[in-house]
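Student: In the order they appear, the protein sequences are chains A and B. Quick note: the first sequence uses the working numbering, first residue -14, plus one each step. Quick note: the second sequence uses the working numbering, first residue 93, plus one each step.
Mixed in with the good hints there might be a few duds.
Stated by the list, open to error - Keeping only pairs whose Cα atoms sit at most 27 Å apart, straight-line, the calculated DSS-like set for lysine-lysine is:
hint, chain 1, residue 1, chain 2, residue 2
1, B, LYS117, A, LYS393
2, B, LYS138, A, LYS374
3, B, LYS100, A, LYS399
The set of hints was computed from the structure by calculation and includes no laboratory data.
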Amino acid sequence: MRYLDLDIKTINEKLKNKEIKPIDLVNEAFDRIEETNLNCFITLNKEDAIKKAKELEDKEVDNILFGLPIAIKDNIVTKDLRTTAASHILEDFIPIYDATVITKIKEKNMIIIGKTNMDEFAMGSTGETSYFGNTLNPIDNTLVPGGSSSGSAACVATGITPFSLGTDTGGSIRQPSSFCGLVGLKPTYGRVSRYGVIAFASSLDQVGPITRNVYENALLLNVISGQDKNDLTSSNKEVKDYTSLIGKDITNLKIAVPNYYMSEVIDKTVREKIINIINLLKEKGCQVDYVDIDYLEYAIPLYQVIALGEASSNLARYDGIRYGLKVDDFKNVDELYKNTRNIGFGNEVKRRIMIGSYILSGENANVYYYKALKLRKEMTDSFVSVLSKYDLIIGPTNTDVAYKLGTKQDDALKSFYDDLLTIPVNMAGLPALSLPVGYKNNLPVGMHIIGNYFEEDKIYQLASYIENNLKEEK
Amino acid sequence: MISEEKVKHIADLAKLNVTSEEMSKYQQQLTDILTEIDKILKVDIKNEEIMISPSNNRNCYSEDVIESHISKSDALKNAKRVKGDYIIVPKVIE
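With the rest of the complex left out, here is chain B (with noise of 0.2 Å):
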């Protein structure tokens, strides 16, 4: 079973929070995922190719033209605190 520091932990890579009430079920779980998981580390592939997506597509660029896209009023549309064309933030400088 996975401590309780490293749920914390991993809780925090994944900006979330666990109460001390969840604690137990998260130890539970993620330790069930994470055995799972370690089943691969067994497989023994002698092949060095790997597979990122099924995608063959080269990359490509676009046309190096002004288009319009989004409307700045579309843009804020959906935040939930906006000033003028600014979506307010918490402070993030000391």
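One chain only, chain A, in its complex shape (with noise of 0.2 Å):
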């Protein structure tokens, strides 16, 4: 039997009464992880691990993620273990900080494991920008695992971690977690600590947990979630226990579907699972409306003025001087500078850098970004206003289930679409939530829930609901 594969309350339950120890839970994942061979990982953190583990065994279990193994996102720093963001430029960066979610995992005396996979600086959403090669996806290893938070999703899907941590800047959260059947929430802006994340787009970015159920990620949001004098965008809003309205009754939720989430651009049967639900939720008495957001047609191109924009902004630090990869083959410091980032990034960063630098370019700046910020008002307010008279919305996380590798890999324009549905989110700053309710040829297929500012509890309580009364089978 494996340890790891029981619930979290369980696996305490026999931390406490001395029954296990944290390094068998330890030993158990890096068990898993050769087992497995999903390139999970760009970096394990194995010895460092073992040596916590063992020191765990002096301590009090006074918490109930205490001595948990935890995987995470390899764009999120941890002082001396190797931070590269799955990128050539920052191949032997070793960070001299814990990215704050460290600092505040650490405190709870979780055990991390290793640094995850993902899209190079976060940019993809399959997995496949990374430097350091594909992550599988666990349910069929010729598939895309879902990005950017590839190897964090799969290595939860795969059981080596029962939790790991992503980031989402535009669903590389969710994405993933509904290729992989997960449970991944992208919190409010400003609920969790962005100090010490590798930015991609400062405006949008969120570090979230993805889990195996409901009730695991809400206790890890409690942990993560706070305001961080290290970063001047956290919210002092109180942290509240997200875990306290599960298993509450639904009955008074009025939740309100986006019509253009329904739309032909869907696949059919991703819809229909979308419909059950519906269905289920109608059934115990909740209030389900059709309505229209509007400008959500244009989230894609605003999308790419706004991320694009601070992308580039963010990635001129990799100049090839402080930290990461420098080049010997250069006449002045224009070309340190032009050397080092053509061979340290890779074709999607490189693509995403220049259209950015663009579009902020002179009178570009402008034409494009001041009316993409004008923009961004609008569809956040038409957001704003729909959560006014609702509680929650719903729909699908993605327009499909997961896809072969290697799928339109020269198209400037996928990775994009892939968001078609989570990036309206990020531009309005708002919490969402990607659940399992089905498959689809035995895939995953995601269920989206968007809630208001700050109201991640309202989204678990639903969340919760529907895990627990969807009868589905493969």
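Mind docking these for me? Both chains are given alone in their own frames, and the hints should help you get the complex.
Tutor: As structure tokens, this is what we get:
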């Protein structure tokens, strides 16, 4: 029997009554990594994890996450543990401090197993832009696991760790969670500190939990949330107990379904799964209405301006001087920059930096960026208006299920269109979760639950009801 | 399709090189994305309000106290060429 396959409450009991020790869990995690071979990790933290587990043997089991293994996406910095963002340009980068989320999970004595594979700088929707090779989908190794948090999702789906942290700029937690049949949450912008997260698009990025079930997701959100003096966009709103509404009656919840999320663009089977849920909720007595949210059809070009503009600025720091890759072939400083970045960045990243630099240059900033900021405000207002009348918004997370590795690699627009339904949420800064709600040809279908600002507890309330009441066979 | 000159200009802005073998690929891909982006120019928006970030936080200042942050050795730890307390860089003035 594997202890890591048990639910967290049971593992916690066994740790408390000394039936098992943290080292047993750590050993199981590393055994599973060798058995599965999905290329989930860029760097393993084996020696340190074993040391930490041994140290914990003398400590009191003082919280429910004590001694549990966790995997961390490799764009979250970890002191003295290599952090690459899956890029050649940071291949040998050793951070000198811990991200705030890392400090928080260490305070709870969780054990970091390793740094997970991902799309380079979180730019991609399949895991395939990693400098360190594809992550494989644990359900079918010929398929993509989704991305950009590819390794964080594959690792939990295959049972290496019960918990992982991902980041989500346009869908990078929800999309792979959906493809791997997991629960993944992008918190409200500002709920979780971004300090120590390698920046992609600073007004969109959030760290969030990827887990096997709803309750365990809320447990991890409880730990990583909160204001941080090192991230001035983090919110001073009180950190709730995000498990507190789980199991509470949902009859009075009012739920909106955007027409855009159920259009012909979405795979028919995926839509059917969502309709099953709508029927389940109506039977329970919830009010469920179809609504329009304005400007959603412009989410992708809007994202391209905002995200790539911010990315070009954020990635200007990779200059071959203070850290990261440095080439020896240069005659002047301009060549040092260009030659380093040319070798250091992959194609997807280069393309995105180029677009971002261009749309922010000269008069373009007024034409594109300023227009995008106005559009962002309008789209957000449209979400806010719906959420003033409804508690939650539901729909599919993705347009379809996981697809073959190597599909349309040369299509510059593909990775953006994969995030068609997830991007608008980042634009508005709202919290959203992906929940598995059935299968299409044995592949998991994810449902999207979008909440109002700082109402992650209500998202978990609905998600938990569906998790417990949906009877779906493969 | 955008011109080779424009691709070179964009690459220069981004401090990247585009080789002649890559040129036609980048012409196509950048054109595809820029065409997509042009869609937002056609949207009619009456409201002048903008949104830069979802955060509503006001600017705030830290207490003016001396604290230790990063040590010199940590600051230089990931630099490739270091001499004493300095990072060696190419000459930037003539």
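Student: Next, verify each hint and record whether it holds.
Tutor: Here's how the hints hold up against the structure:
1. Distance restraint check for LYS117(B) and LYS393(A): the Cα-Cα separation of roughly 14 Å lies within the 27 Å cut-off, and the hinted pair is therefore satisfied.
2. At most 27 Å may separate the alpha-carbon atoms for a hinted pair to count; LYS138(B) and LYS374(A) meet this at roughly 24 Å.
3. Among the hinted pairs, LYS100(B) with LYS399(A) is consistent with the structure: their alpha-carbon atoms are about 24 Å apart, no more than 27 Å.
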